[in-house]
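Chain residues, written in single-letter form:
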Amino acid sequence: MTNYLIKGAKPYGGEAADIFLKDGRIASIGEHLRVPGADVIDAAGLVALPGLVDLHTHLREPGREDAETVETGSRAAALGGFTAVHAMANTDPVADTAGVVEQVWRLGQQAGLVDVVPVGAVTVGLKGERLAELGAMADSAARVRVFSDDGMCVSDPALMRRALEYVKAFDGVVAQHAEEPRLTVGAQMHEGDRSARLGLAGWPAAAEEAIIARDVLLAGHVGARLHVCHVSTAGSVELLRWAKARGVQVTAEVTPHHLLLTDACAEGYDPVFKVNPPLRTAEDVAALRAGLADGTIDAVATDHAPHAVEDKESEWAAARPGMLGLEQALSVVVETMVETGLLDWAGVADRMSVRPAVIGRLTEQGRPLAPGEPANLLLLDPSTRATVDPAALASRSRNSPYAGRELPGRVVATFLRGVPTVLDGKAQK
Amino acid sequence: MKRHLLEAADLDRADATLVLDTAAQIDAALAGREVKKLPTLRGRTVVNLFFEDSTRTRISFELAAKRLSADVINFSAKGSSVSKGESLKDTALTLEAMGSDAIVVRHHASGAPHRLASWVKGSVVNAGDGTHEHPTQALLDAYTIRQRLGRLEGVRVALVGDVLHSRVARSNVGLLHTLGAEVTVVAPPTLVPVGVGSWPVEVSYDLDAVLPKADVVMMLRVQAERMTASFFPSAREYSRRYGLDARRMATLPDDAIVMHPGPMNRGMEIAAEVADSVRSTIVEQVGNGVSVRMAVLYLLLGGRSE
Ligand SMILES: [Zn+2]
Chain E
0 MTNYLIKGAK
10 PYGGEAADIF
20 LKDGRIASIG
30 EHLRVPGADV
40 IDAAGLVALP
50 GLVDLHTHLR
60 EPGREDAETV
70 ETGSRAAALG
80 GFTAVHAMAN
90 TDPVADTAGV
100 VEQVWRLGQQ
110 AGLVDVVPVG
120 AVTVGLKGER
130 LAELGAMADS
140 AARVRVFSDD
150 GMCVSDPALM
160 RRALEYVKAF
170 DGVVAQHAEE
180 PRLTVGAQMH
190 EGDRSARLGL
200 AGWPAAAEEA
210 IIARDVLLAG
220 HVGARLHVCH
230 VSTAGSVELL
240 RWAKARGVQV
250 TAEVTPHHLL
260 LTDACAEGYD
270 PVFKVNPPLR
280 TAEDVAALRA
290 GLADGTIDAV
300 ATDHAPHAVE
310 DKESEWAAAR
320 PGMLGLEQAL
330 SVVVETMVET
340 GLLDWAGVAD
350 RMSVRPAVIG
360 RLTEQGRPLA
370 PGEPANLLLL
380 DPSTRATVDP
390 AALASRSRNS
400 PYAGRELPGR
410 VVATFLRGVP
420 TVLDGKAQK
Chain U
0 MKRHLLEAAD
10 LDRADATLVL
20 DTAAQIDAAL
30 AGREVKKLPT
40 LRGRTVVNLF
50 FEDSTRTRIS
60 FELAAKRLSA
70 DVINFSAKGS
80 SVSKGESLKD
90 TALTLEAMGS
100 DAIVVRHHAS
110 GAPHRLASWV
120 KGSVVNAGDG
130 THEHPTQALL
140 DAYTIRQRLG
150 RLEGVRVALV
160 GDVLHSRVAR
170 SNVGLLHTLG
180 AEVTVVAPPT
190 LVPVGVGSWP
200 VEVSYDLDAV
210 LPKADVVMML
220 RVQAERMTAS
230 FFPSAREYSR
240 RYGLDARRMA
250 TLPDDAIVMH
260 PGPMNRGMEI
270 AAEVADSVRS
280 TIVEQVGNGV
290 SVRMAVLYLL
300 LGGRSE
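Protein chains in written order, with numbering that gives the first Met the number 0: chain E, 0 to 428; chain U, 0 to 305.
Since the hints were derived computationally from the structure, they do not count as laboratory data.
It is possible that some hints are incorrect.
Distance windows between CB atoms, simulated [claimed, not checked]: (1) Asp-14(U) x Gly-13(E): 53 to 61 Å; (2) Ala-402(E) x Lys-36(U): 30 to 38 Å; (3) Lys-212(U) x Val-221(E): 39 to 47 Å; (4) Asp-41(E) x Trp-118(U): 55 to 63 Å.
Covered stretches of chain E (chain U as the covering partner; in silico rule of three or more C-beta atoms under 8 Å from a C-beta of chain U) [claimed, not checked]: (5) 186–193; (6) 197–207; (7) 309–317.
Positions of the beta carbon are idealized from the N, C-alpha and C atoms, including for glycine.
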């Protein structure tokens with residue numbers, strides 16, 4: 000295989016250095032490396048970070064290949080600097096058996112752009128009635144460790160308790176979409192001043208917080224790992240802080256869109272801004288940023304949710320919830336966390352690569368930029384700003400909430416085990 | 000005037016007053032005439048696009064457009080192939096291609112008229128969208144109040160009932176505030192939206208305390224189905240606590256009026272003897288609806304008298 004010598008990149012934004020990638024690993028890092036025969040990449044001014052790991056991606060295959068496929072989603076991920084993505088289970092058929100998770104895993108291998116790590120459903124058909132064969136999925140070729148009914152909340156407390164306990168046998172984790180369903184019947188947007196005026200049924204913060212409060216108590220009681228998906232409220236951050244202080248093994252993620260956008264986006268009723276959980280208030284955004292900065296929130300996860308045009312170009316209530324995220328995730332984090340001084344580049348690496356890999360129990364991802372480690376990394380030009388054009392995205396869908404918005408940072412290159420998946424900002428396959 | 004009338008906030012005080020004054024002029028021009036028709040919108044096409052049944056509102060708009068000599072197309076989307084959300088845009092573009100100058104839209108989803116307005120070049124008039132707004136209802140209510148009481152500034156209005164789900168309430172809160180009236184919403188706490196604190200209104204849970212200080216009582220329709228979702232325990236209890244009966248009506252100031260946007264649930268939010276009393280403006284509201292809608296179409300389509 001081709002070996003690469005990356006010249007003058009700044010690992011974690013620090014001093015410029017050369018990085019030599021050989022046989023899928025980082026062979027050496029140092030000044031003025033000379034490696035005859037290696038392809039040289041000029042990376043002057045670029046920040047080098049470990050390849051990003053997404054805990055929450057919807058790739059839509061099988062079932063909605065018109066919105067996204069494993070291949071198109073993988074390409075979007077690579078362009079966003081990701082080297083691994085967790086593919087959510089709410090496909091059609093649902094990823095609730097070893098057969099389906101192995102299918103998704105193989106499609107990821109074939110695409111070869113990122114490691115596609117299937118998430119297994121907690122319950123059969125996401126119905127919240129009985130456990131899926133979690134052990135079979137864990138033992139399959141896909142080696143599932145993250146289980147989630149995402150899109151649906153495991154709202155039955157007894158079932159949730161059993162799921163938390165059961166996955167301990169293979170060091171799994173239940174990733175909960177925290178939404179008390181009885182409190183969100185017909186809900187369309189964050190319940191508050193704006194929903195009152197816009198006449199859209201409210202999704203109260205308490206519906207998320209009530210489930211998180213319950214689940215951290217359950218996880219503490221049975222000594223199991225819990226992961227909370229797409230935390231969206233200030234109250235949720237407080238509950239997580241409290242639970243972590245008590246020693247509960249809880250981790251949490253926040254999406255890029257919840258770090259940047261507020262419920263003000265619902266003005267005008269453009270369903271591209273309809274998402275679940277909904278966009279919240281500016282106070283919530285500030286609390287989420289602070290929680291991510293101090294580590295209460297462990298990870299940024301995209302909740303990349305492609306939707307076909309007809310599922311978004313409609314009136315608000317008829318539209319499906321969700322928005323694209325993979326290709327702009329890092330840019331949004333640069334804008335909301337780096338340029339604001341809340342996180343340095345090592346912090347970005349920690350929240351977008353290291354910790355999500357640990358939560359997903361991926362041993363060859365989220366590793367430091369150091370000799371001997373797997374050559375999963377990205378090169379970012381932090382000085383460029385560009386306006387997002389949905390038509391130019393690699394995703395098969397166009398529902399980007401950032402359309403027309405100028406964001407900082409451009410992923411110039413991504414390497415997966417030493418192989419460039421992106422060079423000069425272009426996908427390599 | 001803006002190009003569209005989507006919500007009460009599209010009208011500033013001058014615009015709202017202009018609509019009411021124009022409606023008054025139209026009323027005066029037509030008074031006593033045998034043929035109630037003006038030639039101002041001849042050659043223009045108004046489409047009534049109704050995704051939800053509302054015969055009274057549709058007829059009111061239809062009459063308004065016809066009295067202005069516009070061509071009217073009634074397009075009932077309910078139950079047809081276009082009743083699915085995905086085709087709202089296609090429907091809008093089709094109607095525009097047929098040469099519609101204005102689309103009057105009633106839709107079960109809040110914000111549907113906003114979406115429509117982003118796709119078409121002509122004017123869009125919101126004839127009621129989900130639980131959002133119904134601005135021409137608020138205009139006709141304001142017109143009726145001004146006609147009866149002679150003013151809007153400082154008028155004390157009690158808006159009573161299912162404020163949470165009411166587009167009439169949202170439009171009236173906005174428009175009446177713009178026009179200087181003082182609004183108190185009265186409802187059980189379950190039927191007041193979280194976030195009402197940002198509205199320019201007082202909130203009361205006690206109808207009996209509000210009535211002696213009200214110049215206008217506007218009763219909102221309350222659907223008995225709300226009871227199954229525990230918004231209140233029973234129709235009887237609702238009626239007892241928030242219904243307007245003769246005993247309660249007697250506590251109103253002498254000149255106070257009673258309004259209802261219709262259709263009424265007699266015996267639920269309003270007693271029959273109240274609906275039929277001299278204080279009631281319910282029949283006038285219907286007639287005023289046509290005049291106000293004529294004024295809106297006239298002003299939006301820039302019609303000129305010949
Ligand atoms: Zn979710």
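Now the hints, each set against the structure:
As the Cβ distance of Asp-14(U) to Gly-13(E) is approximately 60 Å, the hint placing it in 53 to 61 Å holds. Between Ala-402(E) and Lys-36(U), the C-beta spacing of about 47 Å breaks the proposed range 30 to 38 Å. The hint said 39 to 47 Å for the Cβ distance between Lys-212(U) and Val-221(E), and at roughly 58 Å that hint is violated. Under the hint 55 to 63 Å, the C-beta atoms of Asp-41(E) and Trp-118(U), about 47 Å apart, miss the expected range.
Given as covered by chain U, the stretch 186–193 of chain E passes the check, having 5 residues with a CB less than 8 Å from a CB of that chain where 3 are the minimum. With a cut-off of 8 Å between beta carbons, the stretch 197–207 of chain E has 6 residues touching chain U; three or more are needed, and the interface restraint holds. With 8 residues bearing a CB less than 8 Å from a CB of chain U, the stretch 309–317 of chain E meets the requirement of three and the coverage assertion stands.
The structure fails hints 2, 3 and 4 (numbered hints given earlier, in ascending order).
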